[in-house]
Amino acid sequence: MVSGLSTPEMTAGLPVFGEQAARAVSKTQVQAAKSISVEDVSVSYALGRAARRSVLENISLEIEEGEFVVLLGETGCGKSTLLRMLLGQERPTAGQISVAGSRVERVDARSGYVPQRYSLFPDRTVLDNLMMGPLTSKFHILGRLRPSYWEARRAVKAEAFRQLAHMGLQASDAGKYPYQLSGGMQQRVAIAQALMMKNRVLLMDEAFSALDPSTRSSLQRLLRSVWSETRPTVVFVTHNTAEALFLGTRLIVLARESKDDAFGSRVTLDMKLAEGGMTLRSHGQQFLDLVEHIEAVSCGQRLTAPGERRTALHACGEESGGVGPVRVSPEDGVRQ
Amino acid sequence: MTNLSPFDIQARPNRLLAQALSCVLFVVCIGLYMHTSVARHRENAEDRVVPSGHQLVAGIRSAVLEPAEEDDYIPADNASTWERLRHSMIWKDTASSGGRFFISLALLIPFVVLAVHIGLFPWFGAGFLRFFLFFDKIVALSLLPILFIAFGIDQWSKIALIVIGVAPTMILDVTQMVKAVPQEQIVKAFTLDANNFDVAYRVVFRQVLPQVINSLRLNLKPMMLFLFAGEMIAASDGLAYRIAIMRRHMGMDVILPYVLWVALLLFLIDFSLRMINRRLHPWFQA
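As given, the protein sequences belong to chains A and B, one line each in that order. Using my numbering, the letters of the first sequence map in sequence onto residues 2 to 337. Using my numbering, the letters of the second sequence map in sequence onto residues 395 to 680.
Hints in this document: simulated from the structure, not taken from any laboratory. Errors might be hidden in some of the hints.
To be verified - Which residues of chain B face chain A? A partial, calculated answer using Cβ under 10 Å: (1) R455; (2) K573; (3) F591; (4) P604.
All residues carry an ideal CB built from backbone N, CA and C; glycine is no exception.
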């Protein structure tokens, strides 16, 4: 179970003239730029007759427009559950979630989605996969009889080829079926497919987990550059710390409650950050400086206050004893 | 490279040998038949149980070029082969059985659509799934008397028998196929602004269609089985009717060609469906 409260620093970037004034100003600004809002969300599943398993408890989260948020955590900590709730695929047991200003009740076109597997429709060519969203959006079945359909189709096709080139794919790939593409190419098309919808929110569930290290690395760079250009709000789920540090501007570490360890999440965070041969001292700091927020949530405690990011990370690095030189292997990726 | 034993899983015959091997059992069957036929004809030159090659040719000729006994049509002496073929026994029976078969096939389409809904829409699933799970266990042939009472002994009772016999199995099969479509695909479609109709027919149905066609291919024989059961019990024409009539006259020279003709027809339908699947769904072969 993951529980706690995780809110970004509302006053970030604002001059503080007193606590209340800052709160008032920041609140209006954040409201205006708020892209995703998770309010007191809990999720639990029934286990047998009376028992319930709690996965997330009282999670609150505000994500501002243009943030690249990475949900990091070990398997079963609830990060995918949280993403499914943002999508509308699952409903919280308590609390509410809003995306782009309105409450999420069902899966809809507010958010783009790139899953780990089955990200493309196998029965459609790459071009059809890319064109499906915009055409479906504009023309439902009878709308295709309208003359304007063909005009719109031409425009969408041109955009599809542009996205294809943007993703580093050849025009000749357009006629291929997904099974004819490698895993990395499929994920490139999947990202392009989501971008074709011009969504301001992009949800990615372990999107690169099934890829080999070099493909993963190149896709991380691609995603990072796409995000830098258009600045959509991205929520990216991963269990790979190196990937999280490379991609995110804000990391949210979810950890499972541990009975043996009252500071379970601190240990998890520590382990996670030590993963991938990456320690948090010396050269490693250059990555971390680019991460604006890092939060750890567990056991009803917020382990890192927004302002404590660097301190907490240093502490983690030192506690783990991982103070050797930073090793950045190709699969860790290097932020451009 | 070492020669592996034919009983080794890793041993692979070359293309020519594989084709030759696939013909062996056909040749053995024909050889056994000829041997039995010759042996029986040596004892009784008029034997009709295992007709000789000549008898079979005569039987095929009468089936293909002559009208059925019950027909009033008598071909003119100078009637063309096409004219004779059009009024022949086998043509008439094939048309009758084929009509019933293809009407049944068409009537299965709404059930396939229903199955897509059962698999995809939880409310449909809640309403229909248990009913069809139970209905699937009813032995369709046990309903034949009821069908004869309800629809008469004309073709609709046979069509109903085929549909009742095959539809529940197909529904359950297609429902499973739909449920097997990854949830990610459905979620993805909704994020691409698809509505329920789009998801059902432009995402899920398109993806399961090749499997539906394969399921249909597997159900061809049960369909023909139900058709034969109906025609053998009460019919005035049809392939199974003819076989049943010929059995009374010990007309193996007609029965055997009819059996092979039915097998050939089913093989051709199956082959056509396979080709359609391959042509329309190249992605499915991968």
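Structure-based check of all given hints:
1. R455: 48 Å, violated
2. K573: 14 Å, violated
3. F591: 7 Å, holds
4. P604: With a minimum Cβ separation of about 8 Å from chain A (threshold 10 Å), the hint on P604 (chain B) holds.
Going down the numbered hints, you'll see the structure goes against 1 and 2, while the others check out.
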